[in-house]
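Taken in sequence, the protein lines are chains A and B.
For the first sequence, position 248 (counting from the first letter as 1) is numbered 248 according to UniProt numbering, and the numbering increases by one without interruption.
For the second sequence, position 234 (counting from the first letter as 1) is numbered 234 according to UniProt numbering, and the numbering increases by one without interruption.
Mixed in with the good hints, there may be bad ones.
Since copy identity is lost for identical chains, a pair holds within one copy or between any two.
[To be verified] Result set (DSBU-like, lysine-lysine): computed pairs, CA atoms no more than 30 Å apart in a straight line: (1) K356 x K616; (2) K7 x K100; (3) K568 x K617; (4) K185 x K303.
Calculated directly from the structure, the hints in this document are not laboratory data.
Computed from a predicted structure; not experimentally measured.
The primary structure of each chain is shown beneath.
Number of protein chains: 2
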Amino acid sequence: MKNNLQKINPIGLKQVKIDDLFWNPWEKLVKDSIIPYQWDALNDRIEGAAPSRTITNFEIAAGRNDGKHYGMVFQDSDLYKWMETVAFSLSVEDDPEWEKIMDDVIDLIEAAQEEDGYLNTYFSVNEPDKKWTNLKNDHELYCAGHLIEAAVAYYEATGKKRVIDLVSRLVDHIQSVLGKEQGKKPGYPGHPEIELALMKLYKVTGDTKYIDLCQFFIEERGKRNPDHYYDIEMEERGGPKHDDDRDNDYYQAHLPVRAQKTAEGHAVRATYLYSGMVDLASELKDEDLLEVCRTLWENTVNKRMYVTGGIGSQSHEERFTVDYDLPNDRAYTETCAAIALIMWAHRMVHIEADAKYTDVLERALYNGALSGISLDGKGYFYVNPLEVWPHTANCRHDMNTVKPTRQPWFGCACCPPNIARLLASLGSYIYSSNDEELYVHLFIGGETEAELSGHKVTLKQESNYPWKGDISYSFEMEGKTTFTLATRIPGWCTNAEILVNGEEVVYDLDKGYAKINRTWSPEDVVEVSFHMPVEVVRSHPEVRENAGKVALQRGPVIYCLEEMDNGKNLQDLSIPADQNFVVNHESELLNGVTVIRGQATQTDRDQIEDSLYSTKKLNRKNREFKAIPYYAWSNRGENEMTVWVREE
Amino acid sequence: MKNNLQKINPIGLKQVKIDDLFWNPWEKLVKDSIIPYQWDALNDRIEGAAPSRTITNFEIAAGRNDGKHYGMVFQDSDLYKWMETVAFSLSVEDDPEWEKIMDDVIDLIEAAQEEDGYLNTYFSVNEPDKKWTNLKNDHELYCAGHLIEAAVAYYEATGKKRVIDLVSRLVDHIQSVLGKEQGKKPGYPGHPEIELALMKLYKVTGDTKYIDLCQFFIEERGKRNPDHYYDIEMEERGGPKHDDDRDNDYYQAHLPVRAQKTAEGHAVRATYLYSGMVDLASELKDEDLLEVCRTLWENTVNKRMYVTGGIGSQSHEERFTVDYDLPNDRAYTETCAAIALIMWAHRMVHIEADAKYTDVLERALYNGALSGISLDGKGYFYVNPLEVWPHTANCRHDMNTVKPTRQPWFGCACCPPNIARLLASLGSYIYSSNDEELYVHLFIGGETEAELSGHKVTLKQESNYPWKGDISYSFEMEGKTTFTLATRIPGWCTNAEILVNGEEVVYDLDKGYAKINRTWSPEDVVEVSFHMPVEVVRSHPEVRENAGKVALQRGPVIYCLEEMDNGKNLQDLSIPADQNFVVNHESELLNGVTVIRGQATQTDRDQIEDSLYSTKKLNRKNREFKAIPYYAWSNRGENEMTVWVREE
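Just chain A, with the same shape it has in the complex (with noise of 0.2 Å):
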């Protein structure tokens, strides 16, 4: 019997090699650029950058430098999340100059964790008083749990293990102080990320007390014994019995998170707590857990998430509102919350496995998630809306976090190593396995070895997705092999064909899969092949910002129409859904994309008044427009943008 609910098993970065047209500049850009680059920031030597001084504040907290913690109370989150990113990097290859950095970052961070295991230099440095007592707002256990990925990653790229003593010390510590037996404080983390990190140092050490601590945080969030632990915590730091500065929604701790039905509050934060769950729910076989889980995704995917995977609508409180309420102008869709959507949808797949989780995977990693980052890894979205009009933006208050252009950093840096460090782990989201089936779950190049039915075989991915539909298998094992090639037509698909050694073969298309049984051989050559139009998208109706607009796509790809293709006023146009689009692969323009042009009608501003009502019917003219890729928007400068266009 297996010891736990997931159908099938990641296929970890050790056993995956990327070799791919569009994916190869962004790996090299991680390793090349990004991670010295955000290097860089963290030690303050970025001009023109937000400050960071997260290794000077380490170095405070371990005696090796002067003065007061700096930055945000989850400022040490900044250089955990780069951690596991050069991590991943060390997992693909071996790069000694940069493990030696590591090394001596943990040696930092050794030396600013306190003898009894706690680490945390904003506390130890400016407050070593109030450690634990506000775990509602001030991310110790975020910390933490940041802390316990990079070591994860770190050993398992290096299998260097003292890392992981050094995490093991903070996680007895934390079990000292918090949990239900009398004397400890039953409290859980404001901002959920622990959870899924103990999981996987429960995985890497075999160790179930890591089980026990996440499982306590996960049963223990937004019950009432009969107080709220918030409102206990904050009496015992001497505060009102009840703060109304935020709704306990807003930390998922409103309710139990098994009475949990609907999104709600910080996009992050709630993501990572239900990613945390699945985990949770799949190693104790909590059936229950799981539906709970279920329930909340399809809220999210069906209700509250934008066509780019973006989630979190509102930029106040960074939250989930309400069903269906999806403002363009005004998306929040923190780069951060399409990432943990991703590893959420990791995790779903896995338990499932089924596409229709790897289908919102790979919408907000070609999308939402990849908006984040510019071309040149140099700028950064914390902001991805739909829609922008600078002029605007740049004035309206309730549009003031929304940033016309990619930023160096941020005063609160977390997206900038959130996406390196899923760039950096993107060979651990293609494949997966289990003992006869091998998954093919995103198309990049590439390769991977697997152990199935007992042999082991490798398997080459070649394509050039996602500009072309055409996705060509082959392998190498010893000898014929029987097992299961499960590749997955994407839920944008209409017209899917698969050939094996050039003939079309009926497959068993099981959960979006589609699934080819046979026994093996070397020789054999597996070519599939997706019809890829440019769709017109709509919105369900009830998303009252999109009615009567059409957003184009193609494959995985979410179009926009840029000021720099279309001129000014893009609310001018509008677009006829029959017709035939003309698709064009630019390789000069954005690093190289595929753009779709087609026809457009406009508003004919010749004969415009200046009065600002009239009741003229406005003509209208025929021209071409030119749309983008979403990602790939705010390479050349400030300009509009949107996705979102009339219907003609």
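Given chain A, work out where chain B should sit, using these hints.
What follows is chain B alone, placed relative to chain A:
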């Protein structure tokens, strides 16, 4: 030679009687309901309403009660605006009971006034040592302005001079503290209002020192000598030299007024200031200053005004933003701002005798101002959006000022007494005259008296405006009199006909006024007939929120669709512009309104899938729609509403 730049002179309340189907109920409401209701509110006798404590504050300042001042620093002005309302009402009709209450209130105010003339209950009670130390934010001059306006109105209504003496003492005190002279503070109000009030005080007293003070306030505004006054006073208070909380444009003090070209900052402050500027320019025959007012006017009405006549499109700072930024669901469009626009328009039309100003006045009157009050006079909108989705407005933080239903009172209760004083003074907006011309601006039944060519003429107006476009005039006078009747042809009307004694006359159209110069006899009857079809209105294409949308207008009335008549999800509807709309008067509906019915198409929800995004085209089905006047919305409970509808 005339002693000001006015081409025509307003005919005051005492010379006008209103007897009109549309307005009689409102006028009755003011007298029978609003004045007593607001008097109760000021005395805290309304259950469930936000506390006012205004009268209590005066009692405390007068030594007749104990305690601290409660409420806004400008709480006094709620009483003053109410007093002005009562005064207007007494101008129209005597009422010994309310006159007695007014005299008692004036007693109370006099008792609250300090020895040296100072009058402001907040400072007298709570912070007597902080008087005049924060002109930027503390509203002492704003309150003084409203008291002066009330005093002038009461004096004009009753001839009682005591209240004029009271405000004279206050203004003398102000002039002893503020001014250019050595030892005085060169300060001016953060909230303009006193400027126009001082010009009224000059007009009833003839004392030019009030012009001088007004001129000082207007000319000093926004100057740097070399420091900005708001920085100087802040430094004197011991604050930092620069206050970055708000930019000076919020206060219209970013530039000297003569250098201002766009309407900036807090919309009510701006339009009160501009009104005062017109008064001053007229009196001083200052063409340059008048040209500034014209430039600001054009910017306001051609770039920054909603179709309802609402202005100020941002909740934060209740302010103007940038040209063409007019979102409907987050429209702020404070009721007071629409009223202030009416006041400004009223001044402009007297200088220029141009109906383009009256058109805006009428637009704001029948739409954006009247929407601020419920049909029973007991509910108020502070904020007047053009689109309301209760589900979203009740949850989104960036819509937290949008209330889906009218409120009984407000913590900041500027709007209810402001709409009351507008309604009570309605008679003064209808007619103007000069030696030989009698102008009719608004089509409101009743009569007026004017001195024309040395003869006393009574003009009687009858109509069923705004529901019908037929107006008739008749005269009472001793024998034949030669004068010009100048009756406005509204900007919305493309087809007007005028008959005198049944015969069509060819009129001279002078800046939107049809002028008929003849020797009139008492038997003459003038019939004006405006063709009043349903008009389909479109916005300037730069207003991107309205791209592809239309609004319906008939006569001066802007219409809206309410959920009550059209079902939920108004975003599903679109309206073909080319159709025969059906117009009916429904006398039982909303106190009697003319409604518009027509054909619309609607998204067919029967075939909708659960998924958020789909490539399926949504079917549409035909249905009828029903539109009601915008001003009358939200009188039947919480529901969706929209002014702008997609054009089919």
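>> Tell me the numbers of any earlier hints that the structure contravenes, in ascending order.
In response: 2, 4
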